[in-house]
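Engineer: This is what each chain is made of:
There are 4 protein chains.
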Amino acid sequence: MNDNDDVARLIVSCADRHGIVAALSGLLADAGANIVNSDQHSTDPEGGRFFLRMEFHLDGLAGRRPALEERLAAVAAELDLDWRLTLATARKRVALLASRQDHCLLDLLWRWRRGELPMDVVCVVSNHSDLEREVQPFGVPYHHVPISAESKAEAETRTLELLAGRVDLVVLARYMQVLSRDFLQRIGAPVLNIHHSFLPAFAGGNPYAQAHDRGVKLIGATAHYATEDLDEGPIVEQDVSRVSHRQGPEELARIGRDIERVVLARAVRWHLEDRVLVDGNRTVVF
Amino acid sequence: MNDNDDVARLIVSCADRHGIVAALSGLLADAGANIVNSDQHSTDPEGGRFFLRMEFHLDGLAGRRPALEERLAAVAAELDLDWRLTLATARKRVALLASRQDHCLLDLLWRWRRGELPMDVVCVVSNHSDLEREVQPFGVPYHHVPISAESKAEAETRTLELLAGRVDLVVLARYMQVLSRDFLQRIGAPVLNIHHSFLPAFAGGNPYAQAHDRGVKLIGATAHYATEDLDEGPIVEQDVSRVSHRQGPEELARIGRDIERVVLARAVRWHLEDRVLVDGNRTVVF
Amino acid sequence: MNDNDDVARLIVSCADRHGIVAALSGLLADAGANIVNSDQHSTDPEGGRFFLRMEFHLDGLAGRRPALEERLAAVAAELDLDWRLTLATARKRVALLASRQDHCLLDLLWRWRRGELPMDVVCVVSNHSDLEREVQPFGVPYHHVPISAESKAEAETRTLELLAGRVDLVVLARYMQVLSRDFLQRIGAPVLNIHHSFLPAFAGGNPYAQAHDRGVKLIGATAHYATEDLDEGPIVEQDVSRVSHRQGPEELARIGRDIERVVLARAVRWHLEDRVLVDGNRTVVF
Amino acid sequence: MNDNDDVARLIVSCADRHGIVAALSGLLADAGANIVNSDQHSTDPEGGRFFLRMEFHLDGLAGRRPALEERLAAVAAELDLDWRLTLATARKRVALLASRQDHCLLDLLWRWRRGELPMDVVCVVSNHSDLEREVQPFGVPYHHVPISAESKAEAETRTLELLAGRVDLVVLARYMQVLSRDFLQRIGAPVLNIHHSFLPAFAGGNPYAQAHDRGVKLIGATAHYATEDLDEGPIVEQDVSRVSHRQGPEELARIGRDIERVVLARAVRWHLEDRVLVDGNRTVVF
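Protein chains in written order, with our numbering: chain A, 1 to 286; chain B, 287 to 572; chain C, 573 to 858; chain D, 859 to 1144.
Derived by calculation from the structure, the hints in this document are not laboratory data.
One thing to keep in mind: the hints can contain errors.
As the list claims (entries may be wrong) - Below, simulated SDA-like cross-link-like pairs (lysine to any residue); rule was C-alpha separation at most 25 Å, straight line:
hint : chain 1 : residue 1 : chain 2 : residue 2
1    : C       : Lys664    : A       : Ala253
2    : D       : Lys950    : B       : Ser466
3    : D       : Lys950    : B       : Arg540
4    : C       : Lys664    : C       : Pro821
5    : D       : Lys950    : D       : Gly906
6    : C       : Lys664    : A       : Glu251
7    : A       : Lys152    : A       : His128
8    : B       : Lys378    : B       : Glu332
9    : D       : Lys950    : B       : Ala475
10   : B       : Lys378    : B       : Gln463
11   : D       : Lys950    : D       : Asp1040
12   : D       : Lys950    : B       : Ala539
13   : D       : Lys950    : D       : Pro924
14   : B       : Lys378    : B       : Asp368
15   : B       : Lys378    : B       : Leu558
16   : A       : Lys152    : A       : Pro118
17   : C       : Lys664    : A       : Val285
18   : A       : Lys92     : A       : Gly48
19   : A       : Lys92     : C       : Tyr797
I would like the entire structure built from these sequences, with the hints used as guidance.
Structural biologist: In structure tokens:
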């Protein structure tokens, strides 16, 4: 839809204070923009942090963007705002990392092909070759970068060569390798992970076996930004499904796969639409 | 919290057009208000309808309200806005109508006593005397207005005498009588009803028996504004619960009671907080 | 697992009466079988209908099956039971019918390839050629049988030629054609359909547009056996997802696709495992 | 319903082995009983544990019970079964322990008054007097047993005097005291607790604040049997509700109350109906 050419999103976070909305909506109105959607959140009107996402329509946006950004920069300096302006048509470049399990990877590729996920899939990187044939019909490069205990550093270097500077988002679609702090610092893009439990319950390995042992009545999945503390990063989305004594660990894993793929797909979509704002170890999802 | 004294909500609906948010947030900033929450929705940026709810804090609100309303009226006239300003501390006066089932009625009274529902309960009206003893500990007047086929008009007149002009909201907490068009017009306040099915499935009487006959795998409840077309008014909230072949109609009713009371309580709370805006036969819930 | 070779399921339905479980479990114990799972349901102990599914392990089942069936037939005659015995390893032959939407079809094929669905996919039949390329990598024959108003009878005949006698189950994976009564009678296998609403709400065409118009707060999907009364057959599974005023009809359809494919996959799986017993227009799902 | 006089439940757990169902259903059929419901579960047909719940109808049950139990004892000895027979009409004697929060306590009392929970409420015990007035209309004795750091042992002794030997179940309806190992051993009845989180996430104190800090997108509640390891006992039921960045810790607590009372009520109901069988640190819920 060529209308979308003229839609942008203004993302702001800052210390909360009077007049932010007025200043920004005034600036946009003045520029002739029409605010289509607007969400805001304050963790505390007194001394808290303020988050805002405004989606607006402005005829001839491309040409008028430099002037608009100049005015925004002036207001931002005055009010001490962190901000960015993204175009609705600017598709983020995304790398998908996977291991042997296909469900999250194929689900993302399929949604992308259907047009549900506004992104460019740069490539798939996997430490196994198992999924190469499944990925092939989607027309996306598949890089097999094997990892062993000895080759881990080398494999991360190879992955960085493939991705750093070339992607805006890395999605760990059941990638069963822990990324080093160094990798996370050098990749230069946010990394979204899907953990197969309702965090913080059952962090670490084999969460479905843990869940079965503990006898929980619901199992879940958690999409979160990866940080150097494994399973500790800001949570973007979670969901659960009911289970009972009738299911063993393998059936929990089967049921869990349906939760994992939906939770990850939601998180990816929200990230692509600039809906997820990080607030320390928490997220605001507009 | 006395801070709440200085919090108000501006509710607006109008034809969508450029500059509404800018005009209103500018006006509020200019008046020294701090916008604490803001939600907006447009059914269509071109020719659609626009809805807004802004919650703001303004020191000394009570004294400054008349001047603020004057300025709002001027902007509203210019932009052709429907608007109202409500104070967070202005508790709505509510009448609860019930029949023989106690679960919705007691749940609302209990939440009210706990401070979960910011309202003044004016009275309970029932066509039966069954629940008088249960209501008594809450210290709320209980009016028994029996209804028979012959006395229906008379009973409605009696109910109107009790309520009209004295309440801001009428809640039908499993009140098993159909209200006449005349009553709805003369009551002068919105009427919230809880229907014990996932509307539009199983409208009309005995929905749990209907649900059992049809063999559905989920049952639900629907809170909606009452209109003269029974079960057809704007839906405010719905929820469902899983059932199976193991439950007969009576067990469906038991499970359903838990859904009904939660769904109705949410709808009442959202109404009291001015979060529900009616858009024809649909609602916007901020 | 070769153990599975020795697992069978006994499925029984009959008028409820004393001693059925005792007779059947006695017979199985006597034959040396170990009951692994057992589910039973009575719609009413007095004059109701009784349903049973017993999964049992019997060493050397293949060789001993004829004798076992003979004994079962004798008991069944005595107690007037409808019964069948299926082997856990006997994979049902399944045809998938689709139109242009790929989500339900691909989801079933993925699950099948992953080993989640114990079936043999005989073929895909579609009234469009759109999905041929997507199906190709799965190695399943794709039959394009176009249908127009004039060619409907002919197309059904062609489909019957392809399927009748060759399949144990037909799955309508968003097949957007109404099957004639004649087709349903001649196909000789149960037909599972996915309807994209929470039936009985929004039967008929375009349910997401209907749901949007009515302003519901949840949308759903329903898997049911197809009967000649469209959207009226016995319901096998349903689920819902929360929506709000923020979603238009297209977004409802997008959210709905996730529900559709999960609901259909569950229903297919349960059918393949002989867990679904039909009770008039209702189902018992063990 | 006087029919219920003739309904009993046979609860069995044992090492799994051939012929258990046959032996028991044969015995019951032989005695003229009709099995109304039957559930069974094996953790592993080879070397696992077997659980069974059979609900049956037997005319003149009261008079024939001794003979039936004699025969069951014989079979049980032979097959090495743990078993018990309970009458559907035998209402369990229950004590409710609470502190200051009323929601779980009142919810159980309402359901009991409404006939949803087949139990006799022996008394309410609280370490505070706050809820005495709310409990009074239900006609249940209210014992105020204050607890301080110094008086804890004494208070437990007092509580044991009130309850030991007089109750079949103790329900901790948001009782904010840790019970000693000694108390749990001497109380002589199972103790059901409601924990206000989705265990094992957020064990310990103040789980809603923990949940808020971690930024989870769902909060939950867990009903479990109390053991000396706090928050570690077998889980009976869990449920969750969706939350977002918009809710602070107090709102999480408000939303959580609705989950807590429903989860606890389900667990109590299932316990009263002899549906919960303990399997080490897990439960089987039929």
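Engineer: Each hint should be assessed against the structure and marked as holding or not.
Structural biologist: Hints, verified against the model:
no.: 1; hint: C:Lys664 x A:Ala253; result: holds (24 Å)
no.: 2; hint: D:Lys950 x B:Ser466; result: violated (47 Å)
no.: 3; hint: D:Lys950 x B:Arg540; result: holds (21 Å)
no.: 4; hint: C:Lys664 x C:Pro821; result: violated (37 Å)
no.: 5; hint: D:Lys950 x D:Gly906; result: violated (30 Å)
no.: 6; hint: C:Lys664 x A:Glu251; result: holds (21 Å)
no.: 7; hint: A:Lys152 x A:His128; result: holds (14 Å)
no.: 8; hint: B:Lys378 x B:Glu332; result: violated (35 Å)
no.: 9; hint: D:Lys950 x B:Ala475; result: violated (47 Å)
no.: 10; hint: B:Lys378 x B:Gln463; result: holds (24 Å)
no.: 11; hint: D:Lys950 x D:Asp1040; result: holds (23 Å)
no.: 12; hint: D:Lys950 x B:Ala539; result: holds (24 Å)
no.: 13; hint: D:Lys950 x D:Pro924; result: holds (20 Å)
no.: 14; hint: B:Lys378 x B:Asp368; result: holds (20 Å)
no.: 15; hint: B:Lys378 x B:Leu558; result: holds (7 Å)
no.: 16; hint: A:Lys152 x A:Pro118; result: violated (32 Å)
no.: 17; hint: C:Lys664 x A:Val285; result: violated (45 Å)
no.: 18; hint: A:Lys92 x A:Gly48; result: violated (30 Å)
no.: 19; hint: A:Lys92 x C:Tyr797; result: violated (43 Å)
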